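Undergrad: So the sequences go chain by chain: D and U.
If you're matching positions, the first sequence starts at 1 in this note's numbering and goes up one per residue.
If you're matching positions, the second sequence starts at 511 in this note's numbering and goes up one per residue.
Calculated directly from the structure, the hints in this document are not laboratory data.
A portion of the hints provided could be inaccurate.
Computed spacing ranges between beta-carbons, pair by pair [said to hold, decoys possible]: (1) D/Glu-102 to U/Glu-569: 15 to 21 Å; (2) U/Leu-535 to D/Ser-167: 30 to 36 Å; (3) U/Val-598 to D/Glu-89: 40 to 46 Å; (4) D/Asp-100 to U/Gly-761: 48 to 54 Å; (5) D/Ser-19 to U/Leu-535: 50 to 56 Å.
According to the in silico footprint, chain D covers these stretches of chain U (three or more CB under 8 Å from chain D) [claimed, not checked]: (6) 535–546; (7) 551–560; (8) 729–736.
Predicted model, so just to flag it, every value in this text is computed and none were measured.
The beta carbon of each residue, even a glycine, is placed where N, CA and C say it ideally should be.
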Amino acid sequence: MLQRALATLLCLLGVVAISLAAASATVWRPSDTLVAQAQAADGGTMVVTAPGVLDLAADEVLVEARAQGDQAVVIALGRTSDVEAWVGEDAYTLVTGFADAEVLRTEVVEPAPEEAEGDAEETAADAPEAEDSEAAEEDAEPRPAPDPAGSDLWVTEVGGVGEAELSWTTEPGRWSVLVATTGEDAGPPSVSLTWPQEVRTPWLVPGVAVGSVLLLAGIVWWALLLLRARREARRPAPIRVTSTPAGGLPLHVGTVTPLGGAPTRQSTSPQVEGVGSGGGPTTAAPAPLAGAAAAEASGPDGPPTGPMTRRQIRELEQRRALEARQATSRGRRPARGAESAPTGQTPAVPPAGGPPAPAAPPAGPPSASDATTRPPGDRADEPQPAAGWRGRLGRALPARRSEKATADSPGAPLAPGRAGRGAGGLTDRPGDAPGSGAAGTPPGPAPLTWSTRPQAGQSASADAWRKAWGFGPEGGAAGSAEDAERSTKDPDPRDGSSRGRRDEDEGGAS
Amino acid sequence: MRTRPMTVTGALAAGLLLVGCSTPLPEPEPEAAPAVPPPALTAAQVERILEDVSTVVAEGDEVHDAGLLGPRVAGPALDLRTAQYAEVEAGDEGAVTAIPEGTQTVVVPSTTQWPRTVMAVTEAPEDLRAPLLVTLVQDGPRSQFELWSWVRLFPGAQMPPTNQPELGSAEVDPEALLLTPEAVLEGYVALLDGDAEDEAAQAFDEEDDPLRAQIAAVRAGYEGLVVDKGTLTETYEPGADGVQVIGTAEGGAIVVGSVRTSTTITLEDSTVNLGGETAALLGQEVVAANLAIDWTSTVAFAVPPAGSEEPVRVLGAEHTLTEVTGE
Chain D
1 MLQRALATLL CLLGVVAISL AAASATVWRP SDTLVAQAQA ADGGTMVVTA PGVLDLAADE
61 VLVEARAQGD QAVVIALGRT SDVEAWVGED AYTLVTGFAD AEVLRTEVVE PAPEEAEGDA
121 EETAADAPEA EDSEAAEEDA EPRPAPDPAG SDLWVTEVGG VGEAELSWTT EPGRWSVLVA
181 TTGEDAGPPS VSLTWPQEVR TPWLVPGVAV GSVLLLAGIV WWALLLLRAR REARRPAPIR
241 VTSTPAGGLP LHVGTVTPLG GAPTRQSTSP QVEGVGSGGG PTTAAPAPLA GAAAAEASGP
301 DGPPTGPMTR RQIRELEQRR ALEARQATSR GRRPARGAES APTGQTPAVP PAGGPPAPAA
361 PPAGPPSASD ATTRPPGDRA DEPQPAAGWR GRLGRALPAR RSEKATADSP GAPLAPGRAG
421 RGAGGLTDRP GDAPGSGAAG TPPGPAPLTW STRPQAGQSA SADAWRKAWG FGPEGGAAGS
481 AEDAERSTKD PDPRDGSSRG RRDEDEGGAS
Chain U
511 MRTRPMTVTG ALAAGLLLVG CSTPLPEPEP EAAPAVPPPA LTAAQVERIL EDVSTVVAEG
571 DEVHDAGLLG PRVAGPALDL RTAQYAEVEA GDEGAVTAIP EGTQTVVVPS TTQWPRTVMA
631 VTEAPEDLRA PLLVTLVQDG PRSQFELWSW VRLFPGAQMP PTNQPELGSA EVDPEALLLT
691 PEAVLEGYVA LLDGDAEDEA AQAFDEEDDP LRAQIAAVRA GYEGLVVDKG TLTETYEPGA
751 DGVQVIGTAE GGAIVVGSVR TSTTITLEDS TVNLGGETAA LLGQEVVAAN LAIDWTSTVA
811 FAVPPAGSEE PVRVLGAEHT LTEVTGE
């Protein structure tokens, strides 16, 4: 168990690793661009990038500048020394790198006029003068913002109203961009730098590889575990065979108890009988079997102390019917009985009603009609009473028949209700048969079909096995007995016990 | 059995943790400021500037209005152009020197300082005369390059080799030249004055250059006119706009300066009949008393590096009558 858990865990880890690797290249795939922004300091109109900022994240950069409103904005690119020289003594915002992934780090570069410093030193002695200089500065303020547009210094420049953008590919050297708003009332511009990013998915390949290995290892592990389990299961097989019956019995019992399941399975045997349409041996077979089964079942199930199950009821009915039929068939038609007995499912069995020989044929038609599919099965069953054959065929046949059975003869073969066809046939046919056979349309030829069928379809084989088994005309009793005996084994499984169990038994026996 | 899955799990967990971590943000890694400054202008910039200059000059030439030249013409060039416009206005149609737009050679300085000087040799003009050597000067970072001068290269004059514009011409150390730029101009003035003994003048080629020959010829002509009717004095002085220098590939320099030639004639009871551009500029042909004539010459020199055995050569010049006053 621990190994299985670990193997499962390995599989899970593999799947998780693959998923994460895939996600790293899809959902979590980094952006194709790196965009960072900067804003000029209040009152400033110029933003300058420090050398190395333009090619900070890639060799190509897109510089976008925005002014407030419809102010003119200029992006100029030149050598850093030229830009700095051009800006000169004016205050500007210097972009020095990344503050975070989306914001550029900036610093404000204030002019450091020597005069002002000199004034400051003198302030103590000459306060008014300092004020004058300040006043002078204020007076000078309204001058228009410096306009870099058109300077010979710039390698490239772009101007626009409100916004402008400039793309540039790195060249050797130190380069800077100057973004400036111009005009009388120029406000601080904002700058965004966009670099294309070479998106790498470093976890995709290793992740998928590792995940696949883990997954594969887990699967292989599981496979080995399963293989070993099967091998172990095969080795102690004899022990199981012995135990199977033990287990099988309760299983068999179990099938009896579930009322819902047993009847449907049972229908196979009724169906067979139905097909046989009162086939003496067929019905005869189940009857004893049913009896046996009932006896068997009664053991574990407990005798019919409690309310009888449907199966028990049916078995009871079958038994009664069988007894009645046996009585008639033995008395009247030993040959018939003998013939049909081995067949088991053959319609050859005279109807339960014990109609006379001619009456029996009527049962044929239904069987014949059904026989279109069935004959092979019948034939197979007939000459081969061997349990092995039965068992093998039984698997397929009952299943096929069960479908018809459910439709044709849901009830016990001899149950009054189920007689719809078989019984009807039986009762009607007798009427028809005497009626010169030409009376009804399809029913009319019924006796013929019935008679021909065994002759044409089965006569050879029937004769063959009859001879082979030494069934004489008088063998009816013996045959039926034998058949009954055999059917105690046969129908039993068919009769609602699990086929699987029978198979197991056979398998174990073989 | 148990430890292996554990280690695998551990490795996987570590891997997942790493997935969550993003790569650190890059820091600027600018190239170090080069010891030798890069060329001040790219070829594209030079082309753009020359085009702009030509456009402005063309606009001035169109209407003979020197006022339009302001943004792109300065110094001696502006003086010359103004005089030429005046001459054209006075009737001398061919007074204006055509400045071809295309260039054969461009010399760009490698510097981060101002003023900056760029020189260029133009293509041969359509009139089949010699090409011009134009000088452009940018006074400061927020100034534009302006046409400062042009000289017509003398026939057969050999331009000293200069660096490609992509490489740039090294900044010139005046002391590393055979003569400092100012000394060159003073020496040339001394030559014009006939002061062959001047120390600077001795550095020059002994052979007369076309400008000296022309000035001497004009002076001789006026002396012939005046003879003994009055007095004629002619003075030479370096132009007020100074000199422009750019380095050559051999460590020397090309120096461009201007020389002002002033001729003063004082007549005694006689008149002089003037002709040509002088009369046109003066507005009258007969002068009875005093006559003052000013010429402005732009001159280009090839100055070898200090210690060189080579003389200072005059590459070319433009000599234009700029002012005439008389009574």
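Undergrad: Hint by hint, say whether it matches the structure.
TA: Hints versus structure:
| no. | hint | in the structure |
| --- | --- | --- |
| 1 | D/Glu-102 to U/Glu-569: 15 to 21 Å | 48 Å, violated |
| 2 | U/Leu-535 to D/Ser-167: 30 to 36 Å | 22 Å, violated |
| 3 | U/Val-598 to D/Glu-89: 40 to 46 Å | 43 Å, holds |
| 4 | D/Asp-100 to U/Gly-761: 48 to 54 Å | 52 Å, holds |
| 5 | D/Ser-19 to U/Leu-535: 50 to 56 Å | 29 Å, violated |
| 6 | 535–546 | holds (count 9) |
| 7 | 551–560 | holds (count 6) |
| 8 | 729–736 | violated (count 0) |
When held up to the earlier numbered hints, the structure conflicts with 1, 2, 5, 8 and fits the remainder.
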